[in-house]
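Undergrad: Line order of the protein sequences matches chains L and D. Each residue of the first sequence is one higher than the last, beginning at 1 in the numbering used here. Each residue of the second sequence is one higher than the last, beginning at 1 in the numbering used here.
It is worth saying that the hints were derived from the structure and are not from the lab. Since the structure is predicted, the reported quantities are computational estimates derived from the model, not experimental observations. Glycine residues also receive a C-beta, built at the ideal position from the N, C-alpha and C atoms. Some hints could be false.
[Unchecked claim] Covered stretches of chain L, as calculated for chain D (at least 3 residues, CB under 8 Å):
id, segment
1, 76 to 86
2, 96 to 109
3, 112 to 118
[Stated by the list, open to error] Using C-beta positions, here's what the derived DEER-type ranges look like:
id, chain 1, residue 1, chain 2, residue 2, range
4, L, Val24, D, Tyr63, 19 to 25 Å
5, D, Ala30, L, Gly86, 36 to 42 Å
6, D, Thr53, L, Thr3, 19 to 25 Å
7, D, Tyr63, L, Gly135, 28 to 34 Å
8, L, Ala7, D, His39, 20 to 26 Å
9, D, Glu51, L, Val93, 48 to 54 Å
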Amino acid sequence: MITHHFAQLHEQGAALSGLHAAEVQIYDNFGYGIGSVELLLKLERGAVFNAPNLDAAASEVTTRLIDRCERPWGRGADDPLLWWPGGPLEVGVRSSDSLWLRLVDVGTALAARGYSAACDVVLEVADPVCLWNEGTWRLTVAGTGWRRACPPPTKRARGCRCRAWAPPIWGRGASPRRHTRVWPPS
Amino acid sequence: MTISIVPLTAADRQRLLNVDLAAFFFDPNAYPAEVATRHFDWASTFGASREGTEDPAGVCTSYDMAVTATGPLGSLARCPWQGCRGCRSTPTIAVAACCAR
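Use the sequences and the hints to build the structure in full.
TA: See the structure below:
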């Protein structure tokens, strides 16, 4: 059903597929990788929050929350709420995988995002599940931000191998099986 | 064993939930079937059935969640993205799927 799902998405022009994995052992096998990690914070009653630059905003609040139990879960690793009580050492932190990503269409996904620097590389894609991705792709990013991803006409692949593509390209790259190598085109 | 994948419609919502229940053991009376499935995109919902049977042994549904991402030179770009709500299956068909890989 997963391969059928990917085929449907490819026909529809989707570049990515994302999910929250109920069983991580399944989706890793289909090319999904961890795109983001979320934190569950445990804050004791009476915890003091020190939120710089928010004093002015707080002074304008005219209502107060009197008594309520909060479970701040699903926070990103860069969420300022982690630091307001004093940082990870001051709060109970539990992390877990959050969004899993899978590139459905390599060409579309590579061309859709931005890059911080110009580059010209050839990527070798081994994708036994989404066969339309298999082969070599030349990613060209100009200094103007213009970018293009397309199969190179004749070049032999020299570039990149990656089991779970989406995390390093679209997420935080937390996939435990990530393996990426990139060379410039010959 | 031959498995066929067929589109599911709103008329199949109870059969779909039966598969979901077999996988995750939630309270079947917590919500009416219409409520539990009202956000489904039926055009992206499919069931897998073993040959000779009508009830799906596995189901899969997803929904459109195109995202805004960073584009070139600090711009923003919309990227087509599909969120998979999940694939559910009975143990029998899960084994078949694993063996088929």
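Undergrad: Under a C-beta cut-off of less than 8 Å, do 3 or more residues of the segment 96 to 109 of chain L approach chain D closely enough to confirm the stated coverage?
TA: Three-residue rule met by the segment 96 to 109 of chain L, so holds; n is 3.
Undergrad: Taking beta carbons only, do three or more residues of the segment 112 to 118 of chain L come closer than 8 Å to chain D?
TA: holds (count 4)
Undergrad: Is 48 to 54 Å right for how far apart the beta carbons of D:Glu51 and L:Val93 are?
TA: Given range 48 to 54 Å: holds, Cβ gap about 50 Å.
Undergrad: Are D:Ala30 and L:Gly86 spaced within 36 to 42 Å by their CB atoms?
TA: 39 Å, holds
Undergrad: The segment 76 to 86 of chain L covered by chain D? Criterion: 3 or more residues, Cβ-Cβ distance below 8 Å.
TA: violated (count 0)
Undergrad: Within 28 to 34 Å: is that where the Cβ-Cβ distance between D:Tyr63 and L:Gly135 falls?
TA: 30 Å, holds
Undergrad: The hint says 20 to 26 Å between L:Ala7 and D:His39; measuring C-beta to C-beta, is that right?
TA: 23 Å, holds
Undergrad: Using the C-beta atoms of L:Val24 and D:Tyr63, is the stated range 19 to 25 Å upheld?
TA: At 21 Å between Cβs, range holds.
Undergrad: Can the suggested window of 19 to 25 Å be confirmed for the beta-carbon pair D:Thr53 and L:Thr3?
TA: Hint holds: Cβ distance 21 Å, inside 19 to 25 Å.
When each numbered hint is compared with the structure, a violation occurs for hint 1 only.
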